[in-house]
Amino acid sequence: MSLRQLKKTLLRFGFWCLIGVLLLYAVFPFYYAIVTSLKPSSALFEVSYWIHNPDFSNYATVLHQASFLRAIANSLIVSLCVVTLALFLSVTAAYALGRVKFRGRGTVLMMVLGVSMFPQVAVLSGLFEVIRALGLYNTSWALILSYTIFTLPFTVWVLTTFMGQLPHELEEAAIMDGASPWVTLTRVLLPLLWPALVTTGLLAFIAAWNEFLFALTFTLTDAQRTVPVAIALISGGSPHELPWGLLMAASVLVTVPLVILVLIFQRRIVSGLTAGALKG
Amino acid sequence: MPASLTLAAHDEHLLTRETPIQRRRVRAAWLFLAPMLLCLALVAAWPLLRTFWFSLTDANLADSGGGSFVGLSNYLFHDESNWSGILVDPQWWNAVRNTLHFTVVSVGLEIVLGLLVALLLNIKFTGRSLVRALILIPWAIPTIVSAKIWSWMLNDQFGIINHMMLSVGLIDAPLAWTADADLSMWAVIIVDVWKTVPFVTLLMLAALQMLPSDCYEAARVDGIHPLKVFWRVTLPLLMPALLVAAIFRILDSLRVFDVIYVLTSNSSSTMSMSVYARQHLVEFQDVGYGSAASTLLFLVVAVIAMLYLYLGRRQMEVRS
Chain A
-11 MSLRQLKKTL LRFGFWCLIG VLLLYAVFPF YYAIVTSLKP SSALFEVSYW IHNPDFSNYA
49 TVLHQASFLR AIANSLIVSL CVVTLALFLS VTAAYALGRV KFRGRGTVLM MVLGVSMFPQ
109 VAVLSGLFEV IRALGLYNTS WALILSYTIF TLPFTVWVLT TFMGQLPHEL EEAAIMDGAS
169 PWVTLTRVLL PLLWPALVTT GLLAFIAAWN EFLFALTFTL TDAQRTVPVA IALISGGSPH
229 ELPWGLLMAA SVLVTVPLVI LVLIFQRRIV SGLTAGALKG
Chain B
1332 MPASLTLAAH DEHLLTRETP IQRRRVRAAW LFLAPMLLCL ALVAAWPLLR TFWFSLTDAN
1392 LADSGGGSFV GLSNYLFHDE SNWSGILVDP QWWNAVRNTL HFTVVSVGLE IVLGLLVALL
1452 LNIKFTGRSL VRALILIPWA IPTIVSAKIW SWMLNDQFGI INHMMLSVGL IDAPLAWTAD
1512 ADLSMWAVII VDVWKTVPFV TLLMLAALQM LPSDCYEAAR VDGIHPLKVF WRVTLPLLMP
1572 ALLVAAIFRI LDSLRVFDVI YVLTSNSSST MSMSVYARQH LVEFQDVGYG SAASTLLFLV
1632 VAVIAMLYLY LGRRQMEVRS
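Sequence order for the protein chains is A and B. For what it's worth, the numbering used here labels the leading residue of the first sequence as -11, then goes sequentially. For what it's worth, the numbering used here labels the leading residue of the second sequence as 1332, then goes sequentially.
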């Protein structure tokens, strides 16, 4: 083997080592959560890297807890409602911002961007008052309403980017045919926007599914909790006796659907995230 | 179709000048914006104004009367020889210090690691899209869940991190990652970096793929060392994207709540401004004082956000 070939082989070896380290770093914690969740509580306190005899008792226990199932249902309802609401409100807004030139457009865009940068805690007390005044405290509606503060700016921003990229000719033809803006939007542009809607909807869903601060503050009883709060509040006899097996089983259960979604829609998610951040 | 041809020629005219069609479109645009603006007014603008107002009152969570006006005394109050209020509360300044410490270290690490990973994944190899999908996993995991997974891995007695470090000989005795005041901030940073590097990587990767390839070919032909190409060509061209990613991450880190709340609860060695504000608002039920803390946090974030918008606008002007 010549020196040149040797150098090439070494470089290639080093490269794959780096990729290996990267994958280990990214995936190991989740893998370890799965390993832990498949252990009976007696084997929990000896460290092991492999699954020897999978034991599903943790999953059985978690899935028999009514409050945990309830939390999953609540999270699903809240997230799906927020996504629907945010997409519905932002499609029309994105048409106005992405296709029509008018005075004040820049200001509205800046306002939307500004809201997306809000620290959530800054509206906590004011929002608490609004929610109490509307009689929504400790209901899913409180969360659906409050989650629009971070989903709506995002969906508006990304959909405006996508909307602006659609060809002009289509809309002009519609205008020539005398179509109203509403018809132009729903009949001409919307059918082309489906991929963008799926992407933004998915990202908004993940954001709503993962939210913690509002869920912790605006709900009180187990019947209204969402998944992140339910998991954060799983506790044992004392801080040092957390039921780690159960905790990991619950964590894996609520994360696996997200991981599958991300793996399937990877390309779309990347385009949505970068459209939201870079093209602004 | 002749009609559409002339239309294309006068495209600018039809869609921007004061024609009846354009006027109708502008009216429709505002109508289309109205529901979104109303919603944001209800959940963002109005609550924010109320928070500002509450910070000037002695409102309490227990009574819904809204409290009475007390001026700036939540911020600073002089009573005979005593100063009180947030601005002289050592806990608040501790929270400010923690938040800044967290922001500087974690954003710095995320940008460097994100850039390195993006450079690695910018090389074409078989299975690249699979690797790219797999590194998205930390980003998809809810913050609460990743905080719990890591607090199990960092557990002082049974955690795998201590086990690994002990068996390699890095440490002699297990470390109390989340309880030790000197280590707990590092634990928080480790979890946050793990979760957000994928996001930075994606942004960097997208920016890398937009770079002009002719520069690189010219450099290769001239036989310039790759490291020099990186410093002289890649990094300057990546700067705008790097800045955007950094600002996004800085704004996110300044309002950090979930990771810290789950990993170390209300421990004062990691308490951030958001945790401090929520503790006063909800646990101590002191809406006035908590709102004052929230207002201060908002002001900090607003200044940085404005800086970003200003820079962004200037960049756009330069580009056009």
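Treat each hint with caution, since some may be false.
[Said to hold, decoys possible] Partial chain A-side listing against chain B, Cβ under 7 Å, derived:
hint: 1; residue: A81
hint: 2; residue: A84
hint: 3; residue: L208
hint: 4; residue: T209
hint: 5; residue: V258
Read the hints as simulated data drawn from the structure, not as lab findings. For clarity, every value in this text was computed on a predicted model and none was experimentally measured. Just so you know, even glycine gets a beta-carbon here, dropped at the ideal spot from N, CA and C.
Each hint tested on the structure:
1. Taking 7 Å as the C-beta cut-off, the interface hint given for A81 of chain A holds, the closest approach to chain B being about 4 Å.
2. Checking A84 of chain A against chain B: minimum C-beta separation of about 4 Å stays under 7 Å; hint holds.
3. Annotation: L208 of chain A was flagged as interfacial toward chain B, and the flag is violated, the nearest CB pair being 11 Å apart, outside 7 Å.
4. Because the smallest distance between the Cβ of T209 of chain A and any Cβ of chain B comes to about 16 Å, over 7 Å, the interface hint for this residue is violated.
5. Nearest Cβ of chain B to the Cβ of V258 of chain A: about 6 Å, under the 7 Å cut. The hint holds.
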